[in-house]
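There are 2 protein chains.
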Amino acid sequence: MVRIVIVGGSDAGIAAGLRAREVDSQAEVTVVVADAFPNYSICGLPFYVSGETPDWRQLAHRTVDELQTAGLDLLLDHTATSIDPARHEVRIENRNGNARAIAYDRLVIATGAEPVRPSISGLGLPGVFVLHTMDDSLRVHNALANGTVHEAVVVGTSYIGLEMADALTHRGVRVTLIGRAETVLPTVDPQLGQLVEDELRRGGVDVIVGAEVEAVERDGSRLAVRAAGGVCAVADLVLVGAGVRPNSNLAASAGVETGINGALRVDRQMRTNIPDIYAAGDCVETWQRVLDRYTYLPLGTTAHKQGRVAGENTVGGQRIFEGSVGTQVVKVFDLAVARTGLRDKDAAIAGFDPLTIETEAWDHKAYYPGAHRLCLRVTGQHKDGTASGGADCRALAGRSGQAD
Amino acid sequence: MVRIVIVGGSDAGIAAGLRAREVDSQAEVTVVVADAFPNYSICGLPFYVSGETPDWRQLAHRTVDELQTAGLDLLLDHTATSIDPARHEVRIENRNGNARAIAYDRLVIATGAEPVRPSISGLGLPGVFVLHTMDDSLRVHNALANGTVHEAVVVGTSYIGLEMADALTHRGVRVTLIGRAETVLPTVDPQLGQLVEDELRRGGVDVIVGAEVEAVERDGSRLAVRAAGGVCAVADLVLVGAGVRPNSNLAASAGVETGINGALRVDRQMRTNIPDIYAAGDCVETWQRVLDRYTYLPLGTTAHKQGRVAGENTVGGQRIFEGSVGTQVVKVFDLAVARTGLRDKDAAIAGFDPLTIETEAWDHKAYYPGAHRLCLRVTGQHKDGTASGGADCRALAGRSGQAD
Numbered sequence: 004m005v006r007i008v009i010v011g012g013s014d015a016g017i018a019a020g021l022r023a024r025e026v027d028s029q030a031e032v033t034v035v036v037a038d039a040f041p042n043y044s045i046c047g048l049p050f051y052v053s054g055e056t057p058d059w060r061q062l063a064h065r066t067v068d069e070l071q072t073a074g075l076d077l078l079l080d081h082t083a084t085s086i087d088p089a090r091h092e093v094r095i096e097n098r099n100g101n102a103r104a105i106a107y108d109r110l111v112i113a114t115g116a117e118p119v120r121p122s123i124s125g126l127g128l129p130g131v132f133v134l135h136t137m138d139d140s141l142r143v144h145n146a147l148a149n150g151t152v153h154e155a156v157v158v159g160t161s162y163i164g165l166e167m168a169d170a171l172t173h174r175g176v177r178v179t180l181i182g183r184a185e186t187v188l189p190t191v192d193p194q195l196g197q198l199v200e201d202e203l204r205r206g207g208v209d210v211i212v213g214a215e216v217e218a219v220e221r222d223g224s225r226l227a228v229r230a231a232g233g234v235c236a237v238a239d240l241v242l243v244g245a246g247v248r249p250n251s252n253l254a255a256s257a258g259v260e261t262g263i264n265g266a267l268r269v270d271r272q273m274r275t276n277i278p279d280i281y282a283a284g285d286c287v288e289t290w291q292r293v294l295d296r297y298t299y300l301p302l303g304t305t306a307h308k309q310g311r312v313a314g315e316n317t318v319g320g321q322r323i324f325e326g327s328v329g330t331q332v333v334k335v336f337d338l339a340v341a342r343t344g345l346r347d348k349d350a351a352i353a354g355f356d357p358l359t360i361e362t363e364a365w366d367h368k369a370y371y372p373g374a375h376r377l378c379l380r381v382t383g384q385h386k387d388g389t390a391s392g393g394a395d396c397r398a399l400a401g402r403s404g405q406a407d
Numbered sequence: 004m005v006r007i008v009i010v011g012g013s014d015a016g017i018a019a020g021l022r023a024r025e026v027d028s029q030a031e032v033t034v035v036v037a038d039a040f041p042n043y044s045i046c047g048l049p050f051y052v053s054g055e056t057p058d059w060r061q062l063a064h065r066t067v068d069e070l071q072t073a074g075l076d077l078l079l080d081h082t083a084t085s086i087d088p089a090r091h092e093v094r095i096e097n098r099n100g101n102a103r104a105i106a107y108d109r110l111v112i113a114t115g116a117e118p119v120r121p122s123i124s125g126l127g128l129p130g131v132f133v134l135h136t137m138d139d140s141l142r143v144h145n146a147l148a149n150g151t152v153h154e155a156v157v158v159g160t161s162y163i164g165l166e167m168a169d170a171l172t173h174r175g176v177r178v179t180l181i182g183r184a185e186t187v188l189p190t191v192d193p194q195l196g197q198l199v200e201d202e203l204r205r206g207g208v209d210v211i212v213g214a215e216v217e218a219v220e221r222d223g224s225r226l227a228v229r230a231a232g233g234v235c236a237v238a239d240l241v242l243v244g245a246g247v248r249p250n251s252n253l254a255a256s257a258g259v260e261t262g263i264n265g266a267l268r269v270d271r272q273m274r275t276n277i278p279d280i281y282a283a284g285d286c287v288e289t290w291q292r293v294l295d296r297y298t299y300l301p302l303g304t305t306a307h308k309q310g311r312v313a314g315e316n317t318v319g320g321q322r323i324f325e326g327s328v329g330t331q332v333v334k335v336f337d338l339a340v341a342r343t344g345l346r347d348k349d350a351a352i353a354g355f356d357p358l359t360i361e362t363e364a365w366d367h368k369a370y371y372p373g374a375h376r377l378c379l380r381v382t383g384q385h386k387d388g389t390a391s392g393g394a395d396c397r398a399l400a401g402r403s404g405q406a407d
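Residue numbers (this note's numbering), protein chains in the order written: chain F, 4 to 407; chain U, 4 to 407.
Everything hinted at is true.
Here are the simulated lysine-lysine pairs, DSS-like style, with alpha carbons at most 25 Å apart:
(1) 334(F) - 368(F)
(2) 368(U) - 334(U)
(3) 368(F) - 334(U)
(4) 368(U) - 334(F)
For the chain U half of the interface with chain F, some residues (derived, Cβ under 10 Å), not all of them:
(5) 53
(6) 55
(7) 61
(8) 63
(9) 370
(10) 372
Counterexamples of contact, computed for chain F against chain U with all Cβ distances above 10 Å:
(11) 31
(12) 38
(13) 69
(14) 76
(15) 149
(16) 153
(17) 214
(18) 385
Derived from the structure by calculation, the hints contain no laboratory data.
Cβ coordinates follow ideal geometry from the N, Cα and C atoms, glycine included.
Let the sequences and hints guide you as you build the complete structure.
Printed below as a string of structure tokens:
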């Protein structure tokens, strides 16, 4: 009977455990979970903050009971503190500091990511939140519940920032959104980012782009956010979404090699350089199919797939992770934005000779009740009229869409 | 300069003409259109009848102006009466009976389908419509507009019947839907058909299944619909949707081979047995990818693709039609139903050893605002535990979904 230990109870870790049990119902699977919320949807936090998902328990993909019924032993409120690869042991401790070692035949590192704390002074002030975990979200929710938050500043214009601006507006809070990039949602082409910015303004959000936030300061009972160039916004609440970085210290300390952004290096079977240690999810480098190389691309859907591959391989499988094309979708007020593959700029950096076309189309036939216009941008490999044409068979799969 | 003549101005014919011009901007493309409505969406007729698409002109995929600007010469209100393959000529006549011959280098037959007139007596009575063309639809619309239609009977429970039941209900007409099959929408598994029937009843439609309609008779100023077994419904309007059959007489008279249901035989390049004569759309046999053989499968999306292939090949292309998997989607009141591939029953008939699983899932994460339950049925090739497993790599791609 193979003993599988998994460190991490979010998408990758739970997917690994469930898959291992699917393939080998005799496998003994233990999941070390740092808090009491295994298998929670981080992507759902904005809907909890907005009030549209009233009960935070709804954010669990599966309940603890369901996970246990599927055969996972959950060690809730336990942290893994070190790994001894030679002895095949993980040292863990609970919230009281009681420590012990547990043995593994195969280990899966699924420690995820942690929010980047940007070099902004004052992030420790009350009322400032760097959002990432369920705990953070409950704290924001509580701050909103007491009715003293009328204005908020959201720092960061990526997915979480836009969704939080939407969520807070839905709660009746007046929002100022501040971002460093020249257009919001910098993972899509600027032309689409502009459409998202227009939608945010239509929704009542003040948008400030191209501004580097330097400090959050007390301003009486409120908070002032200062950016270079004199930009300043005053609010009752400040949320910071500045991206994430891999939470790879535990594994790196045990000798697992790291690479891009400090993420754990894995092969396509999600094996690290250390025998019997696998890794998956936001703590690892991710194979990018279009680029044909590894990148750092923390996404829930990818973490889930990588977890399944790792889980299957811990019980004797030979599954290959097929890679990501970077598909992402976000809804901002009444605008849905989707992207996949490479943007024009990414393609050029990667050495392609990209050609991008922008067009408009309907999501249904125009006569269909409720049909909407779509703005589409498609990026492909530019055709060299003098060449044989072989190169342009390579699909860049770059496409960004917007529905209004 | 190549002269292309296309007979038929619906999806296949227009797609062929546009594609020929895309590939060869010197091609001289003439499209013979029997009425004044080229490139109209037959699929959109229910939305015009319901009033949701208020102007019938909205049902045009493209206007006459747009088609002419794209380089198509349109001969509206002209009918092709015969083909002389040896002389490469088509004989046409206009509504006044004036006839002439036009020459072609390549000819595309895109004459579509015509509604099956089932063996029901009384189909010629005023107030009885066998729906298929724009003209039919305008007549139904006019019949509704004078306000004397309070009750209707729809005969046939395939796509058009269900959509018309929905559309008439939307107009405030009380509908009785009568079908021969044991469940409505017989192109999906009966278990899903039952869900559609439930939705129709929730929407106020009287549904009668397993009933063979024999006659429509005058009943004072109204119409009585009689089926075997004594079933009878009385109404002001009767719509009949009993499927379609290929409109292949013109080509067959010129020596084009016919096959299944009398549809024209084509190869994967949409060539008929007669040199320089291509055919596409609802008048031809369609390559079914899962079955690996030809079938008769009249669908707008398929017609469009076949038309593009034919059009490209008339100007020197070597394009192959990749085949259909029979994907279809319909919305009935608030229920969307989609299917693709083979149903369990079709797979068994085709010699597969099918296994069908029914399950439920959410279309979004359960916590997401507006998430709906989906009922899914997936059909695959049953695994033979003793065999090598090679056979079950063959994807049946059978899947039917229902969103509530």
